[in-house]
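**Student:** Sequence:
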Amino acid sequence: MPRTRDETVYEETQATIKLLARKQMATEGTAGISLRAIARDMELSAPALYRYYPTRDDLITALIVDAFNALADALERAEYKARVLPPEEQLIQVASAYRRWALEHPTDFQLIYGNPIPGYVAPSEITVPAVVRTFVPLMRCMTQAVESSAFQPQLPFNSIPEHIRAHEQQLVTTGGFPISVETYHLAMICWSQMHGIIMLELFNHIGPNVGDVETFYHTTLRQLLTTMGMRWEP
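Going by this note's numbering, the sequence shown opens with residue 31, and the numbers climb by one from there.
Just so you know, not all the hints are guaranteed correct.
Stated by the list, open to error - Okay, the calculated beta carbon distance ranges per label pair:
| no. | residue 1 | residue 2 | range |
| --- | --- | --- | --- |
| 1 | VAL162 | GLU73 | 37 to 43 Å |
| 2 | SER154 | PHE187 | 29 to 35 Å |
| 3 | HIS235 | GLU73 | 37 to 43 Å |
| 4 | GLU177 | SER75 | 57 to 63 Å |
| 5 | HIS248 | PHE187 | 16 to 22 Å |
| 6 | HIS225 | PRO148 | 20 to 26 Å |
| 7 | TRP262 | THR43 | 30 to 36 Å |
| 8 | VAL114 | ALA67 | 47 to 53 Å |
| 9 | GLY62 | HIS225 | 22 to 28 Å |
| 10 | LYS53 | ARG130 | 19 to 25 Å |
| 11 | ILE194 | PRO84 | 35 to 41 Å |
Hints in this document: simulated from the structure, not taken from any laboratory.
Ideal placement from N, C-alpha and C gives every residue a C-beta, glycine not left out.
My request is simple: use the sequences and hints to build the entire structure.
**Tutor:** This is the structure we're talking about:
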């Protein structure tokens, strides 16, 4: 059913509010979102703006969900394009898309993975489904890689400390990931390495030390996977 004019205007206004909020975050940090400042920029009264986002937390939640879904979209596209490659190369392509999206959307990336916003508590029933989407392509590629003949698990990566295993097993079960806890653990190790390099890059800490961050990122990830037990096709 076609949208009514009122629905179109409502959605366009929401998009404008979020655009201005991202501009605020880019200059003031993620904690710098102000509904009153946005209302002033849009020449609206504060009560008029509350029709779209009743509280600042509602706006932050919408921005977080948008960011996670946009990241998930990028990872799913990369996974689809890489489907003809060997599983281990599919994993590299998804990891590349993760870094590329972060560099192209630094404000959104810092919103979802940077310092917590004081006083804000994300409503898990709204944000968690979007968060899970971002992990699915990585988990799927890791599963294929681990189950391929190219992977021969090596110590210490084929062993999980018991208290960590119990926690990760619960997450796998409650999150609905159709994978083993061993695969989940390997994916978490890779993700933490990816994420660490990207955060250092966003704040310009790694570039001056390694020069070519892109090559460093990919080389480090390949070295990690090799140490885990991955054997690469010649």
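**Student:** The structure should be examined with respect to each hint, and the outcome stated for every one.
**Tutor:** Here is what the structure says about each hint:
1. VAL162 x GLU73: 37 to 43 Å: holds (39 Å)
2. SER154 x PHE187: 29 to 35 Å: This hint holds: roughly 30 Å between Cβ atoms.
3. HIS235 x GLU73: 37 to 43 Å: holds (41 Å)
4. GLU177 x SER75: 57 to 63 Å: Cβ of GLU177 to Cβ of SER75: about 58 Å, so the range 57 to 63 Å holds.
5. HIS248 x PHE187: 16 to 22 Å: Between HIS248 and PHE187, where Cβ atoms are some 19 Å apart, the hint holds.
6. HIS225 x PRO148: 20 to 26 Å: holds (22 Å)
7. TRP262 x THR43: 30 to 36 Å: Because 51 Å falls outside the window, the suggested range is violated.
8. VAL114 x ALA67: 47 to 53 Å: holds (49 Å)
9. GLY62 x HIS225: 22 to 28 Å: holds (23 Å)
10. LYS53 x ARG130: 19 to 25 Å: holds (22 Å)
11. ILE194 x PRO84: 35 to 41 Å: holds (40 Å)
This entry does not satisfy hint 7, going by the numbered hints stated previously; all others are met.
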